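Chemist: Turn these sequences into a full structure, and let the hints guide you.
Residue 8 in the working numbering is what sits at position 9 of the sequence shown, and the numbering runs on without skipping anything.
The set of hints was computed from the structure by calculation and includes no laboratory data. Predicted, not measured: the structure shown is a model, and the values here were computed from it. Note that the Cβ used here is the ideal one computed from N, Cα and C, for glycine as well. Nothing false has been slipped in among the hints.
Here are the simulated BS3-like cross-link-like pairs (lysine-lysine), alpha carbons at most 25 Å apart as the crow flies:
hint: 1; residue 1: K68; residue 2: K53
hint: 2; residue 1: K128; residue 2: K100
hint: 3; residue 1: K100; residue 2: K119
hint: 4; residue 1: K202; residue 2: K100
hint: 5; residue 1: K128; residue 2: K91
hint: 6; residue 1: K60; residue 2: K153
hint: 7; residue 1: K53; residue 2: K64
hint: 8; residue 1: K119; residue 2: K202
DEER-style ranges, computed between Cβ atoms:
hint: 9; residue 1: V59; residue 2: M13; range: 32 to 38 Å
hint: 10; residue 1: A210; residue 2: F65; range: 16 to 22 Å
hint: 11; residue 1: L16; residue 2: V176; range: 28 to 34 Å
hint: 12; residue 1: E97; residue 2: C149; range: 42 to 48 Å
hint: 13; residue 1: I175; residue 2: E97; range: 41 to 47 Å
hint: 14; residue 1: R120; residue 2: V23; range: 16 to 22 Å
hint: 15; residue 1: I76; residue 2: T47; range: 24 to 30 Å
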Amino acid sequence: KENRISTLQGYRAMAFLLIFLSHVEIVSSGVLGVSMFLTLSGFLMSITYFPRIKELKSGVKEYAKFTYKKVIPLHVITFSAMAVFNFLLLYKAGFPREDLKNYIVALPFNLTMLQAWLPKRELYFSFNKVSWYLSVCTFCYFVFTPFFQCIVYKNGINGKTKSKKKAGNVIVALCIVILLIQILLAVIVSEINHKCVETGFIKWLTYICPAFRTGDFFLGILLGLLITINTDKNKLYC
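Modeler: Okay, here's the thing in structure tokens:
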């Protein structure tokens with residue numbers, strides 16, 4: 000408890016408030032709130048696993064184990080309940096063709112938490128609608144280990160860093176690059192084809208798509224490392 004970063008509680012509360020205000024349609028702040036949560040997740044994982052980086056194992060199988068053990072139990076319960084409930088709704092409605100098609104297509108993607116990769120509202124918001132966020136987190140956790148190890152080992156951020164300033168500059172530069180990529184990608188896609196805005200594709204890309212949202216997660220990881228290399232390791236909690 001003495002090592003808890005209390006200021007992050009206020010940050011978390013602010014993110015929750017922004018999402019809540021968006022859901023009750025007072026202000027359109029949901030995108031920012033989700034970005035804050037993903038950044039916070041990356042930040043906490045960064046400073047948590049830095050002193051335990053040798054525990055992180057390489058390999059696709061190990062990445063999958065690291066990922067699913069964090070999110071699968073609760074998801075299976077909520078998914079099963081909603082799968083039955085939605086099936087009953089389809090039965091009551093006489094199995095409408097389009098709705099039944101969406102149910103069949105979305106089922107395997109939702110079960111494996113890959114639904115956020117589907118650029119169609121009826122699919123990424125299928126079954127337990129808010130589980131799209133778990134789908135995003137699943138991908139973030141999957142790529143955490145290779146990204147984290149690459150940044151730490153390539154820059155010598157291992158507790159024996161000779162040049163903290165140099166490592167810090169690299170991290171800041173990466174943060175700027177990630178932000179620029181996110182901004183440019185959103186602008187370019189919307190400018191190239193205005194239908195992307197009308198069809199909701201741009202919303203899926205910048206709000207739902209795991210690949211895009213991983214940028215927020217990576218920013219959190221980098222900020223965590225920036226704090227780490229400028230802080231006495233004995234004062235960091237894990």
